[in-house]
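Number of protein chains: 2
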Amino acid sequence: MIYTAGCAQLAPKIGQIEQNVDEAAEAIRHLGHAGADLVVLPELASSGYVFESKDEARALAQPADGPALGAWVRAAQDAATVVVAGFAELGDDGNVYNSAAVLDGDGVIAVYRKTHLWDREKLVFARGSVVPPVVDTRVGRIGVVICYDLEFPENARSLALRGAELIAVPTNWPVFPRPIGERPPEVLNVMAIARFNRVFLVAADRVGTERGQEWTGGSAIVDCDGWPLAEAQHDNTQTLLAEIDPARARDKQWTEFADLFGDRRPELYGALIDKPSDVITQHTPISRRK
Amino acid sequence: MIYTAGCAQLAPKIGQIEQNVDEAAEAIRHLGHAGADLVVLPELASSGYVFESKDEARALAQPADGPALGAWVRAAQDAATVVVAGFAELGDDGNVYNSAAVLDGDGVIAVYRKTHLWDREKLVFARGSVVPPVVDTRVGRIGVVICYDLEFPENARSLALRGAELIAVPTNWPVFPRPIGERPPEVLNVMAIARFNRVFLVAADRVGTERGQEWTGGSAIVDCDGWPLAEAQHDNTQTLLAEIDPARARDKQWTEFADLFGDRRPELYGALIDKPSDVITQHTPISRRK
Numbered sequence: 001m002i003y004t005a006g007c008a009q010l011a012p013k014i015g016q017i018e019q020n021v022d023e024a025a026e027a028i029r030h031l032g033h034a035g036a037d038l039v040v041l042p043e044l045a046s047s048g049y050v051f052e053s054k055d056e057a058r059a060l061a062q063p064a065d066g067p068a069l070g071a072w073v074r075a076a077q078d079a080a081t082v083v084v085a086g087f088a089e090l091g092d093d094g095n096v097y098n099s100a101a102v103l104d105g106d107g108v109i110a111v112y113r114k115t116h117l118w119d120r121e122k123l124v125f126a127r128g129s130v131v132p133p134v135v136d137t138r139v140g141r142i143g144v145v146i147c148y149d150l151e152f153p154e155n156a157r158s159l160a161l162r163g164a165e166l167i168a169v170p171t172n173w174p175v176f177p178r179p180i181g182e183r184p185p186e187v188l189n190v191m192a193i194a195r196f197n198r199v200f201l202v203a204a205d206r207v208g209t210e211r212g213q214e215w216t217g218g219s220a221i222v223d224c225d226g227w228p229l230a231e232a233q234h235d236n237t238q239t240l241l242a243e244i245d246p247a248r249a250r251d252k253q254w255t256e257f258a259d260l261f262g263d264r265r266p267e268l269y270g271a272l273i274d275k276p277s278d279v280i281t282q283h284t285p286i287s288r289r290k
Numbered sequence: 001m002i003y004t005a006g007c008a009q010l011a012p013k014i015g016q017i018e019q020n021v022d023e024a025a026e027a028i029r030h031l032g033h034a035g036a037d038l039v040v041l042p043e044l045a046s047s048g049y050v051f052e053s054k055d056e057a058r059a060l061a062q063p064a065d066g067p068a069l070g071a072w073v074r075a076a077q078d079a080a081t082v083v084v085a086g087f088a089e090l091g092d093d094g095n096v097y098n099s100a101a102v103l104d105g106d107g108v109i110a111v112y113r114k115t116h117l118w119d120r121e122k123l124v125f126a127r128g129s130v131v132p133p134v135v136d137t138r139v140g141r142i143g144v145v146i147c148y149d150l151e152f153p154e155n156a157r158s159l160a161l162r163g164a165e166l167i168a169v170p171t172n173w174p175v176f177p178r179p180i181g182e183r184p185p186e187v188l189n190v191m192a193i194a195r196f197n198r199v200f201l202v203a204a205d206r207v208g209t210e211r212g213q214e215w216t217g218g219s220a221i222v223d224c225d226g227w228p229l230a231e232a233q234h235d236n237t238q239t240l241l242a243e244i245d246p247a248r249a250r251d252k253q254w255t256e257f258a259d260l261f262g263d264r265r266p267e268l269y270g271a272l273i274d275k276p277s278d279v280i281t282q283h284t285p286i287s288r289r290k
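Chains A and B, in that order, are what the protein sequence lines are. The first sequence begins at 1 in the numbering used here and counts up by one. The second sequence begins at 1 in the numbering used here and counts up by one.
Warning: the hint list may mix true and false statements.
Claimed, not checked - From the structure, some residues in chain A lie toward chain B, with a derived Cβ separation under 8 angstroms:
# : residue
1 : Arg58
2 : Glu154
3 : Asn189
4 : Phe196
5 : Gly208
6 : Trp227
To be verified - Calculated from the model, a selection of chain A residues having no Cβ within reach of chain B, i.e. all distances over 12 angstroms:
#  : residue
7  : Met1
8  : Ile2
9  : Glu23
10 : Ser53
11 : Gln238
12 : Asp274
Hints listed in this document are in silico derivations from the structure and should not be mistaken for laboratory results. Don't be surprised by glycine CBs; every beta carbon is placed ideally from N, CA and C.
Sequences and hints are given; from them, build the entire structure.
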């Protein structure tokens, strides 16, 4: 089934939960009415990102059955769309997580807690202990990672191997310096990951400056050959739409004799799991002739 | 120690071993005299690529102590440089391998046999069974992969985790269609891999058309932030040079609280080793409220 993926590049304001949640819900409705069967929103779309303290984050966090996700479920119902959106989650265990929910008009299907916390997030959030999920939805198998997770190619690879056809990436990319004329490096990563795994990616980034932190505004929808179907301008909120044919992502056959996953050699990839120090190798000379 | 890496984009002619070996040796001398401490040459630089049969490949293959690598060792000695170069290897076991040698003026240090064979290579070569090597050289720790190996991010990751500061990539990239104005997708891969792993990469590609196969000519030297230091024009033989500071690649610390390798979660990467079918997951709804 060919479907339409949408992506909203927003500018959440730190601490203004009701306004942030409303704007995200509005984006869901807008994209749904524009034809999106899947909508991806940024990381921490409910709360903003640059917390001054763990207490501030806790005060802005909600459980998965709280009002923020409730509002997005209602919007998803109105818009008849599947949604992947980031929010600050207050866990049953009392911890605060940087999470993403997969939901539709019937409710929340899955919540993923970011497993790779970037920089000072470690001072604010507990890190998730469950592998990024592949979620069966009415638009097929959606994998979910959040922002820094994507810098570890292991995560997207794991999702693709487990059957993800599209990877949704709620993100807040801080601006990094880049040469003039180049795409943001994170967009290049998204393109390469799409091609490595032959999956579609939808990255929903944010814009604006928050407590001195400038954001990239690098939202993009990328096809399973690695080429952008839609790319955001970097300086304003906006929405993107693109057509997705998940059957293309399910077909990993490059050529008659080349298969992207069949050609893998997992027996040679042990260094990815073992401690690096265990596997440093140095080859001995096979010939030394002066 | 800051050093200079060089890369030669050549146009080997199928079957013309002596001429190919001489031109490769000439490129080593030229780059060495231009200041290169490391020279990377294309895949199968001795033999050409588009073999008509296994027998043709066998007739063009040489052992690691044969005349091709001997000529390159002499050139490396003249040029006082380390060389990574692709060649068709006749193994002690009677098999023909698509291999790369790491050598210097003192001899051959290591030979790597390509572990991920592309397409019809499977009809011609035996595949290697030993993980891509990290080789200690006078310019530091060099990792080696060949062409299609690089499409599997596991390989470069493994090399970086085992201490490679620079990954040398002898390659023959067949032309794939790409949108106008875009880099070859393989160059984007190289850039992303450099950034994912904070390593330098030198990819030596080839040009020309061989038995109907057109080559990309996408040679590039990329820094450990993922940005090209030098990129080849796609339509002619040429050499590239760039300065490498391997200390930058050894430092995986992004920020005060973010460490590229320290932030990995190997305990969550099991799907990379296990069979994919073992790990497909489907999350159960955590709430369903109409």
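Status of the hints after comparison with the structure:
Of the supplied interface hints, the one on arginine 58 of chain A is violated, with its beta-carbon coming no nearer than about 19 angstroms to a beta-carbon of chain B, more than 8 angstroms. With 8 angstroms as the threshold, the beta carbon of glutamate 154 of chain A comes within range of chain B, its nearest partner Cβ sitting at about 4 angstroms, so the hint holds. Residue-level restraint check for asparagine 189 of chain A holds (minimum Cβ-Cβ distance to chain B is 5 angstroms; threshold 8 angstroms). With 8 angstroms as the threshold, the beta carbon of phenylalanine 196 of chain A comes within range of chain B, its nearest partner Cβ sitting at about 5 angstroms, so the hint holds.
For glycine 208 of chain A, the suggested interface contact is broken, since its CB lies about 21 angstroms from the closest CB of chain B, more than 8 angstroms. At a threshold of 8 angstroms, the smallest CB-CB gap from tryptophan 227 of chain A to chain B is about 6 angstroms, leaving the interface hint in force. Distance check on methionine 1 of chain A: its Cβ is at least 18 angstroms (rounded) from any Cβ of chain B, clearing the 12 angstroms threshold; non-interface status holds. The beta carbon of isoleucine 2 of chain A is kept farther than 12 angstroms from every beta carbon of chain B, the shortest such distance being approximately 21 angstroms.
Non-interface status of glutamate 23 of chain A relative to chain B is upheld: no Cβ of that chain comes within 12 angstroms, the nearest being about 23 angstroms off. Separation of serine 53 of chain A from chain B is adequate, the least Cβ-Cβ distance of about 15 angstroms exceeding the 12 angstroms criterion. Glutamine 238 of chain A, annotated as away from the interface, keeps every beta carbon of chain B farther than 12 angstroms; the closest lies near 21 angstroms. Taking the minimum C-beta to C-beta distance to chain B, about 8 angstroms, the non-interface status of aspartate 274 of chain A is violated against the 12 angstroms cut.
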